[in-house]
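Asks: Given the sequences, and given the hints that come with them, work out the whole structure.
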Amino acid sequence: MTDSQALSAEIANIKQNDQAYKFIRRIFRSRNVVIGGFVLLIIVFMAVFAPQITRYDPAEQFRRNRLEPPSAEHIFGTDNLGRDIFSRVLYGGRISLQVGLFSVAIGLSIGTSLGLIAGYYGRWVDNGIMRLIDVMLAFPGILLALAIIAVLGRDLQNVMIAVGVSSIPVYTRIVRGNTLSIRETEYILAARALGLPDRRVLFLHILPNVMAPIIVVATNGIAGAIIAGAALSFLGLGAQPPDPEWGLMLAQGREYIRVASWVTTYPGLAIMITVLSINLLGDGLRDILDPRLKI
Amino acid sequence: MIRYLSQRALQAIPTVLLVTILVFLMLHLTPGDPAEVFLGDRRSTPELLENVREDFGLNRPLHVQYLDYMGNALRGDLGRSFRTNVPVVDQIANRLPWTIELAVTAMGLAMLIGFGLGIIAALFHNTIVDLVAMTVALIGISMPIYWSSLLLIIIFAVNLNWFPAIGQGGVERLVMPAVALASVSAGSLARMVRSSMLEVLNQEYVLTARAKGLSERIVIFRHTLRNALIPVITILGLMFGNLLGGAVITETIFARLGIGQLYVEAVLQKDFPLVQGMTLFIALTYVIVNLCIDIIYAMVDPRIRYD
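Chains as they are written, first to last, in this note's numbering: chain Y, 1 to 295; chain G, 1 to 307.
Hints listed in this document are in silico derivations from the structure and should not be mistaken for laboratory results.
Virtual Cβ for every residue (Gly too), placed ideally from N, Cα, C.
A portion of the hints provided could be inaccurate.
Computed footprint of chain G on chain Y; a stretch qualifies when at least three of its residues, placed anywhere within it, have a C-beta under 8 Å from a C-beta of chain G [claimed, not checked]:
id: 1; segment: 149 to 157
id: 2; segment: 227 to 237
id: 3; segment: 255 to 264
id: 4; segment: 270 to 283
Replies: Set out below in structure tokens:
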């Protein structure tokens with residue numbers, strides 16, 4: 001390698017580092033990302049270290065302390081069976097975060113693959129896939145998830161499948177749209193002219209270029225999945241007693257709303273703060289990664 | 001125009017067909033013998049199963065069953081509830097008015113709040129007003145309907161005693177569920193209206209309008225708002241869908257005997273004819289609503305021509 005080559009390589013390297021540095025700096029300068037990310041980190045930490053943080057088992061029943069208001073002993077109070085609500089909220093975080101992540105993983109992987117294939121191959125493949133997506137979109141809101149639960153039966157695992165599957169269309173549509181325009185760019189034509197197999201072109205050359213909107217949609221998707229998952233459990237179609245699931249806790253606390261509002265207040269707050277922090281993070285990422293995206 | 005409209009309507013046909021096939025297959029996709037699924041939690045004996053197969057024609061080839069189901073559906077017969085033996089169509093018809101009342105009120109509220117917040121936020125872009133409006137919108141989006149409903153009940157029914165907590169009929173029983181249902185849609189609408197307004201405010205024709213000395217009111221109402229609202233029309237369909245989905249939750253919490261509450265009950269009780277009939281009804285309604293919105297969109301925006 002000659003000196004000038006080494007020099008230009010060095011310059012390229014610095015430029016790249018500089019870009020990465022600038023990008024990271026933009027992330028840390030975004031108020032939304034910092035606040036949302038920080039709160040979310042605390043929530044994840046509390047869910048992961050729940051056994052270390054609280055001394056009560058979420059299913060342990062203190063029969064003499066039913067429906068006790070918040071106190072030093074039970075800081076969020078106890079529910080109708082005398083269970084410590086603080087512990088249940090912490091352990092509930094594990095369930096809700098899992099529902100959020102797994103559902104998005106299902107929707108993201110299937111939806112993105114379908115979108116890539118539809119956008120890349122076009123014609124009847126595109127047509128077929130998009131008709132399928134149209135059918136899924138014919139079931140409004142949470143009703144597709146409800147219909148899937150009706151078929152699969154009610155439990156938490158099926159909630160993740162149902163919520164995940166019903167989020168497929170969002171990813172497929174956005175990835176397909178982007179793939180359609182990227183497919184025509186010169187570097188993709190070059191990659192194809194070099195004889196790269198379709199799989200490589202799709203996943204190594206197109207996918208990285210549609211990542212920005214996907215990351216934003218997926219982040220907000222986690223928040224949506226947590227809300228939807230807790231909704232299904234609230235309706236009695238997801239987690240079953242004695243699981244400390246936030247939606248289920250809200251449903252059980254409903255009966256005591258007149259005498260013990262804390263039973264519903266805390267799990268509700270937990271859902272809202274979690275969802276709010278994820279949405280803030282998603283908004284901040286959107287401003288940085290893809291300002292044109294309107295969601 | 002007419003060609004575009006008829007093309008768009010024709011496009012909906014394969015969707016509708018696939019929806020009917022999927023809904024029909026729901027029973028058969030469920031793990032286990034369809035006859036047993038039909039019986040749900042009841043104890044089944046071989047004779048009973050045989051009777052169910054005979055009565056509901058479950059022992060015939062699938063395509064015959066499907067054609068039969070569709071033939072009946074076209075004649076307005078979606079079967080009978082397996083639990084109550086009431087025709088599915090009658091049950092839907094009985095419950096529908098309550099859901100329409102709720103959804104329409106919530107839609108109106110959501111549009112009022114959403115447009116208001118969004119327009120104000122855009123006009124006061126990057127000021128404290130904008131920040132407050134968008135924070136309110138974000139909280140609206142992040143607040144699950146089931147929790148905001150419970151909060152409303154705690155505050156306005158239990159503590160203040162302003163409204164009855166549950167039931168239906170009369171304005172006083174409509175306020176809380178409608179507000180709870182509207183909050184999420186209002187939040188997302190506000191964000192959409194704001195970004196759409198901001199985009200239009202940056203257009204050169206707005207600059208021109210200002211440059212030629214038009215009053216700010218005319219710039220905003222005649223030149224900006226009208227153009228900014230066009231893309232917003234597209235999400236009204238999505239909003240309507242979310243309201244229908246949200247009605248499932250609000251109706252359950254406020255014990256309103258509407259479509260959503262019936263649907264949850266049907267799923268919980270594994271009442272398959274009812275689940276199928278309602279899924280079909282809701283999906284078809286939604287497809288038609290979206291079709292209408294597409295048509296309105298094409299009529300409002302003269303730039304859209306697909307021929």
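Asks: If a hint holds in the structure, say so; if it does not, say that too.
Replies: Hint by hint, here is what the structure shows:
Beta-carbon proximity to chain G at under 8 Å applies to 6 residues in the segment 149 to 157 of chain Y; the threshold of 3 is reached and the given coverage holds. As drawn, the segment 227 to 237 of chain Y meets chain G at 7 residues by the rule of a beta-carbon pair under 8 Å; at three or more, the given contact holds. Remark: the segment 255 to 264 of chain Y is confirmed as covered by chain G, as 4 of its residues place a Cβ nearer than 8 Å to a Cβ of that chain, reaching the required three. Remark: the segment 270 to 283 of chain Y is confirmed as covered by chain G, as 7 of its residues place a Cβ nearer than 8 Å to a Cβ of that chain, reaching the required three.
Against the hints set out earlier in the document, no violation occurs for any number.
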